[in-house]
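Undergrad: Protein sequence lines, in the order shown, are assigned to chains G and D.
Following this note's numbering, the numbering of the first sequence begins with 1 at its first residue and continues without gaps.
Following this note's numbering, the numbering of the second sequence begins with 1 at its first residue and continues without gaps.
It is worth saying that the hints were derived from the structure and are not from the lab.
Since this is a predicted model, take the numbers as computed values, not measurements.
Think of the CB as a built atom: it goes at the ideal place given N, C-alpha and C, for glycine as much as any other residue.
Incorrect hints may have been included.
Unchecked claim - Across the chosen pairs, the derived CB separations fall in these ranges:
(1) P36/D - G201/G: 28 to 38 Å
(2) G81/G - D139/D: 29 to 39 Å
(3) T14/D - R46/G: 19 to 29 Å
(4) G205/G - P345/D: 39 to 49 Å
(5) G324/D - G23/G: 49 to 59 Å
(6) Y33/D - F161/G: 26 to 36 Å
(7) S237/G - A289/D: 47 to 57 Å
(8) A289/D - G81/G: 36 to 46 Å
(9) A45/G - G288/D: 56 to 66 Å
Stated by the list, open to error - Some but not every residue of chain G turned toward chain D, in silico, with C-beta under 8 Å:
(10) G81
(11) L82
(12) F86
(13) S87
(14) D96
(15) A99
(16) D126
Stated by the list, open to error - One side of the interface only, derived from the structure: several residues of chain D facing chain G at Cβ under 10 Å:
(17) S83
(18) A173
(19) P349
(20) V353
Each chain, written out:
2 protein chains.
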Amino acid sequence: MGKQPPEASNGRLTLLTLARDLGVSRATVSNAYNRPDQLSPALRARILARADELGFSGPDPMARGLRRGRVGAVGVLVDEGLSHAFSDPTTVLFLDGLARELQLDGLGLLLHAGRGDGVMLRSIRDAAVDAWVVLSLPDGHPAVSAVRSRGRPVVVLDQPFLPGVPLVGIDDAAGGEAAVRHLLGLGHRRLAVLTMPLQAGGREGRADVRRQQEATYQVMTRRLAGAAAAAAEAGVSWDQVTVVECMANEPDAAARAVAGLLAGPGAPTGVFACSDQLALGVLRAARGAGIRVPEELSVVGFDDSPPARVAEPPLTTVAQPLRGRGRTVGALVRALIRGEEVSSPAKSPVRLVLRSSTGPLGGRDRSSRARA
Amino acid sequence: MGKQPPEASNGRLTLLTLARDLGVSRATVSNAYNRPDQLSPALRARILARADELGFSGPDPMARGLRRGRVGAVGVLVDEGLSHAFSDPTTVLFLDGLARELQLDGLGLLLHAGRGDGVMLRSIRDAAVDAWVVLSLPDGHPAVSAVRSRGRPVVVLDQPFLPGVPLVGIDDAAGGEAAVRHLLGLGHRRLAVLTMPLQAGGREGRADVRRQQEATYQVMTRRLAGAAAAAAEAGVSWDQVTVVECMANEPDAAARAVAGLLAGPGAPTGVFACSDQLALGVLRAARGAGIRVPEELSVVGFDDSPPARVAEPPLTTVAQPLRGRGRTVGALVRALIRGEEVSSPAKSPVRLVLRSSTGPLGGRDRSSRARA
DNA sequence: TCTTGCTTCTATAACGATTCAGAGACTAAC
DNA sequence: GTTAGTCTCTGAATCGTTATAGAAGCAAGA
Chain G
1 MGKQPPEASN GRLTLLTLAR DLGVSRATVS NAYNRPDQLS PALRARILAR ADELGFSGPD
61 PMARGLRRGR VGAVGVLVDE GLSHAFSDPT TVLFLDGLAR ELQLDGLGLL LHAGRGDGVM
121 LRSIRDAAVD AWVVLSLPDG HPAVSAVRSR GRPVVVLDQP FLPGVPLVGI DDAAGGEAAV
181 RHLLGLGHRR LAVLTMPLQA GGREGRADVR RQQEATYQVM TRRLAGAAAA AAEAGVSWDQ
241 VTVVECMANE PDAAARAVAG LLAGPGAPTG VFACSDQLAL GVLRAARGAG IRVPEELSVV
301 GFDDSPPARV AEPPLTTVAQ PLRGRGRTVG ALVRALIRGE EVSSPAKSPV RLVLRSSTGP
361 LGGRDRSSRA RA
Chain D
1 MGKQPPEASN GRLTLLTLAR DLGVSRATVS NAYNRPDQLS PALRARILAR ADELGFSGPD
61 PMARGLRRGR VGAVGVLVDE GLSHAFSDPT TVLFLDGLAR ELQLDGLGLL LHAGRGDGVM
121 LRSIRDAAVD AWVVLSLPDG HPAVSAVRSR GRPVVVLDQP FLPGVPLVGI DDAAGGEAAV
181 RHLLGLGHRR LAVLTMPLQA GGREGRADVR RQQEATYQVM TRRLAGAAAA AAEAGVSWDQ
241 VTVVECMANE PDAAARAVAG LLAGPGAPTG VFACSDQLAL GVLRAARGAG IRVPEELSVV
301 GFDDSPPARV AEPPLTTVAQ PLRGRGRTVG ALVRALIRGE EVSSPAKSPV RLVLRSSTGP
361 LGGRDRSSRA RA
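All chains, full assembly: derive it from the sequences and hints.
TA: As structure tokens, then:
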């Protein structure tokens, strides 16, 4: 009998308390929870039964985390507030896929939302997590460097690009190209493109080429580049295409941003909205202005989120694997936590889903053309 | 010079590494981060600068958590999957309010979703959190007892009721009563009530009184009781009111559940849906069946969630403070973590918001009656 | 009988920080 | 010159667990 550890008269229930009570060692109690093969089934049963009796709910997660070097949680960094993030079906599906995948290893999701202010940075410094997932943050967002300096594995969705950090993304340029090519193919020449905020904070209104290139949201830059490529291919100068930036990735913002445009002279006959959320806003604005879709106005969205399917009319849109991206990111995170080396997977291809929000220029055809 | 701690040649950067490097004690480095008043500004600056240089991102959260007894995270328990929870605007707003309030103390949100299976229970046991928030879980959900046994503060939203555990809720009965009284006041006598799942799993179709009373979701029980009280008051037997249970709290589920009802003989002229999500489904079903709202059918929702305002037509609904409930719960959690004693606040009152989805029986009035 | 091996359990050393009591040095007051 | 007080900083104890090495007991094989 060596030096006795101090009396655990603390009140708090610990492994030691239980061990004393049962007359066994701490290690044995620990093994009862973590390594059943290390002790006789009979003793294990006795320990667990007594634990239950005393109301001991197992080893303290913090101490275990310290000792083992992992806590079983993954930090998720999202832009803006939570309600903002959650009101976007795209994000929600991503998180769902991510959570499902991580649950395979019993990993939880620790959400961090904010604009990168002091509070957010502090909570990043202090967060007990095994890895990080960065969710479409703009280049230069302070939270990103805060996360990197924590020295834990990181996986990025869409952006920013960080050397040596796995990134899961899609071929945004191809998506933008497909959308605009589709509109051009239907005969539309008076085009408008609606973008999410191009820089943190956002700004409502026309975005000239300069603003387009200065965008800190590369996803937008790439989709616009694709759109421009399609235009060039059809001999349409990019200058003739009205690019409008919205204050936020929400239907309301889009509806506000296009209201004037749709009513004005030389209104576009085809609109490519860089997200379904924005496209829904366009539909709403059109309905408000008495403009028929697709007879008078064709609208293409991006994402193929659930609301796109039930929209009135159902949206033609660029589909990307939403929940699937979550699972992919989750799988990478799990591998990184296991200590494996991983690299960015190939960008998922995108695919244009044709529904009823687009039609030939001047078309009067009301028949359903859904070929999804 | 007493016994030297072992060489920190580990590779990993710790307080000790930094202390050695600078020729100061661990305690001083710790103070540089946590108690600036405990050392000279000059030394503190030197320490932080050197930390930055070496890429040391501050004290290890796990070790700090163990020593201090808190980690800076709050566990949130939600029913079903995350996507399910997030697709409900009510939940999203609640979480947003909760996150904002918790952020005041630098607390993050650790999400746990699931049906109470082994995986979920295990992740509850292993989660490093300072407190728990239980989000409308049915009575007897296994996750609830798992959480309670962890011995940390708990706050419940809506249900289940747990002795000694603060609960934030609203006056559901009054809400149900107001909704049905409103319909009765407009002259409606053929009524239907649409409920969310009454028990875990849900079931689609008519719910007889027995099923209503066996509901494990007390929120439903109470709203139904209120509705029944209003009916009784007007001399309408509860038996004459068609109560239909939906498979899920989603518009689609509601639309499916009422499709037959609206088409059939003796179709109701007034519907009280126990949530806006369900009410939206009713609107959709009505539109699909060519039934005009409110001329031929009046619909009342519950929650006053954002979609209710932009619905077509805008929903008459029972308003409850959505984001506000999140803040209230957050404030309670913060107080509990500080060690204060708290008790359940009074149930927030509810209030009927009149919009355009309800009208007098047989009414043909198309003028806007929004008085919200 | 001695060795070998297996099973079951224990003692002890980390894990990386925070906190408390106090050591020195220096200043201010008497 | 002594005492008291203030600033800085340090040493050691502690948080509750897991991992490692090894002890004790027993059975089997040579």
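Undergrad: Work down the list of hints and note, for each, if the structure agrees.
TA: Okay, the hints, checked on the actual structure:
no.: 1; hint: P36/D - G201/G: 28 to 38 Å; verdict: holds, 32 Å
no.: 2; hint: G81/G - D139/D: 29 to 39 Å; verdict: holds, 32 Å
no.: 3; hint: T14/D - R46/G: 19 to 29 Å; verdict: violated, 39 Å
no.: 4; hint: G205/G - P345/D: 39 to 49 Å; verdict: holds, 45 Å
no.: 5; hint: G324/D - G23/G: 49 to 59 Å; verdict: holds, 53 Å
no.: 6; hint: Y33/D - F161/G: 26 to 36 Å; verdict: holds, 31 Å
no.: 7; hint: S237/G - A289/D: 47 to 57 Å; verdict: holds, 49 Å
no.: 8; hint: A289/D - G81/G: 36 to 46 Å; verdict: holds, 39 Å
no.: 9; hint: A45/G - G288/D: 56 to 66 Å; verdict: holds, 59 Å
no.: 10; hint: G81; verdict: holds, 6 Å
no.: 11; hint: L82; verdict: holds, 5 Å
no.: 12; hint: F86; verdict: holds, 4 Å
no.: 13; hint: S87; verdict: holds, 6 Å
no.: 14; hint: D96; verdict: holds, 3 Å
no.: 15; hint: A99; verdict: holds, 5 Å
no.: 16; hint: D126; verdict: holds, 5 Å
no.: 17; hint: S83; verdict: holds, 3 Å
no.: 18; hint: A173; verdict: violated, 28 Å
no.: 19; hint: P349; verdict: violated, 23 Å
no.: 20; hint: V353; verdict: violated, 19 Å
Of the numbered hints stated above, those contradicted by the structure are hints 3, 18, 19 and 20, listed in ascending order.
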